[in-house]
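One-letter residues, chain by chain:
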Amino acid sequence: MFDEKAQLHTLEGATAAAIMLMIIIYAIDATTITPLTSSTANVHVESELQLLGQDILSALDYAEPGYDSELRKSIVNWSGDMYIWNGSAYVDVSSTSSSLNNSLTDILNRILVKQGIAHNVEITFLDNVTLMPSSLKMINNGDPSDNAVIVSRKLVLHNSDINSSFNPSIKDIDPSTNLYNILDIKLTLWRM
Amino acid sequence: MTVDYMAGIGIFLLAVAFVFQFMYSLLIPFQSSSDEVTLAADRASAVLVERMLNTNTGALNVIDQGKLYYFNNTKLNYSDKTTYTNTLREIGLFSNENFFNLNVSVAYTNGTIMNQSGPALPDNTNIGQTKRFVLVANSGYAVISLRVW
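Chains V and C supply the protein sequences, listed in that same order. Heads up: the first sequence at position 62 corresponds to 62 in this note's numbering, and the numbers run straight through without jumps. Heads up: the second sequence at position 114 corresponds to 114 in this note's numbering, and the numbers run straight through without jumps.
Derived from the structure by calculation, the hints contain no laboratory data. Computed from a predicted model, the values in this text were never measured in an experiment. Take these hints with a grain of salt, some might be off.
As the list claims (entries may be wrong) - Listing some non-contacts, in silico: residues in chain C with all C-beta distances to chain V over 10 Å:
#	residue
1	T2
2	T38
3	D42
4	N96
5	K131
Stated by the list, open to error - Pairs of lysine-lysine residues, derived as BS3-like cross-links and limited to a Cα-Cα distance of at most 30 Å, are as follows:
#	chain 1	residue 1	chain 2	residue 2
6	V	K154	C	K75
7	V	K73	V	K5
8	V	K114	C	K131
Where is the CB? At the ideal position from N, CA and C, for every residue including glycine.
Kindly generate the complete structure, drawing on both the sequences and the hints.
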């Protein structure tokens with residue numbers, strides 16, 4: 001009974017336990033280090049998305065004098081339905097046969113979809129009865145993650161901008177003036 | 001025998017610990033030293049898109065095609081080192097304190113490369129990249145990629 005083997009077994013046990021512990025620590029650390037983990041790298045991913053979003057909105061909102069910007073055209077010709085990305089096109093949620101095709105979706109498709117960046121487009125406007133902000137979703141790809149970035153751009157609509165196909169839920173905020181409404185176009189970007 | 005075993009297992013554990021410690025650094029996606037080039041790329045992109053190539057119409061992301069061609073073909077021509085260095089100085093990538101290299105490529109939104117200039121990218125250094133989405137006046141939308149190292 002009293003020999004050196006007991007000490008050896010104890011040491012063996014301690015060694016095995018140490019190795020197991022190291023593997024567990026390693027596994028936990030390895031799985032949690034991703035570009036989205038809160039760190040300096042994560043801040044960089046977010047600032048990159050913010051820069052990209054601002055770039056898209058401001059480049060689309062540029063217009064030669066006397067012409068409407070592509071962003072304005074895309075919003076004014078929007079019927080008010082919600083669209084989702086089905087893998088090849090932005091299709092209407094209520095009737096999947098109709099899809100949304102304008103300069104905004106063209107750029108979102110070419111820039112964001114290609115890079116695997118999920119995105120929502122939401123329009124916020126003042127309700128003419130309650131005078132409170134009200135929101136409509138134009139493109140909805142689900143709930144954004146915790147690391148989502150929102151960029152927005154204001155768009156002023158005048159009575160002359162409104163045509164018959166314009167979204168009926170956005171009403172004239174003051175019928176006595178030429179101002180129609182002020183829209184806030186919110187683009188939410190996130191990586192999955 | 002016990003002493004032999006302890007010495008052996010001690011060395012073995014040290015080796016295992018070293019391997020685990022070494023493997024961490026392999027998995028960290030961004031090394032801390034890459035922060036500086038990334039920030040430099042961000043800064044350079046702001047100067048380039050919002051001032052040097054801008055059409056000066058008040059819109060930030062609208063650039064002039066003539067200025068873009070001039071920048072790519074003449075100002076960032078790596079075969080003319082003096083002009084290249086002066087351009088870097090103007091963008092803020094070259095000073096008495098620091099020196100970066102810059103490679104700029106401009107691609108249309110369908111992926112076709114419009115223009116590429118600057119020295120070739122190195123194989124084994126950290127490269128900071130910033131992409132800017134711009135409207136080239138009278139030409140169409142494009143993505144400018146700046147790579148700084």
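Here's how the hints hold up against the structure:
With a least beta-carbon separation of about 6 Å from chain V, T2/C fails to lie farther than 10 Å from that chain, contradicting its non-interface assignment. The beta carbon of T38/C is not kept farther than 10 Å from every beta carbon of chain V, the shortest such distance being approximately 6 Å. For D42/C, the requirement that its beta carbon stay farther than 10 Å from each beta carbon of chain V is not met, with the minimum near 8 Å. Residue-level check passed: N96/C sits 27 Å from the nearest beta carbon of chain V, beyond 10 Å.
For K131/C, the non-interface assignment is contradicted: its Cβ lies about 7 Å from the closest Cβ of chain V, within the 10 Å cut-off. For a cut-off of 30 Å, the pair hint linking K154/V to K75/C is broken: about 36 Å separates their Cα positions. A threshold of 30 Å between alpha carbons decides the hint, and for K73/V with K5/V the separation of about 84 Å lies outside it, so the pair is violated. A C-alpha spacing of about 14 Å is found between K114/V and K131/C, which places the hinted pair at or below 30 Å, so the restraint holds.
Consistency note: the structure conflicts with the earlier hints numbered 1, 2, 3, 5, 6 and 7.
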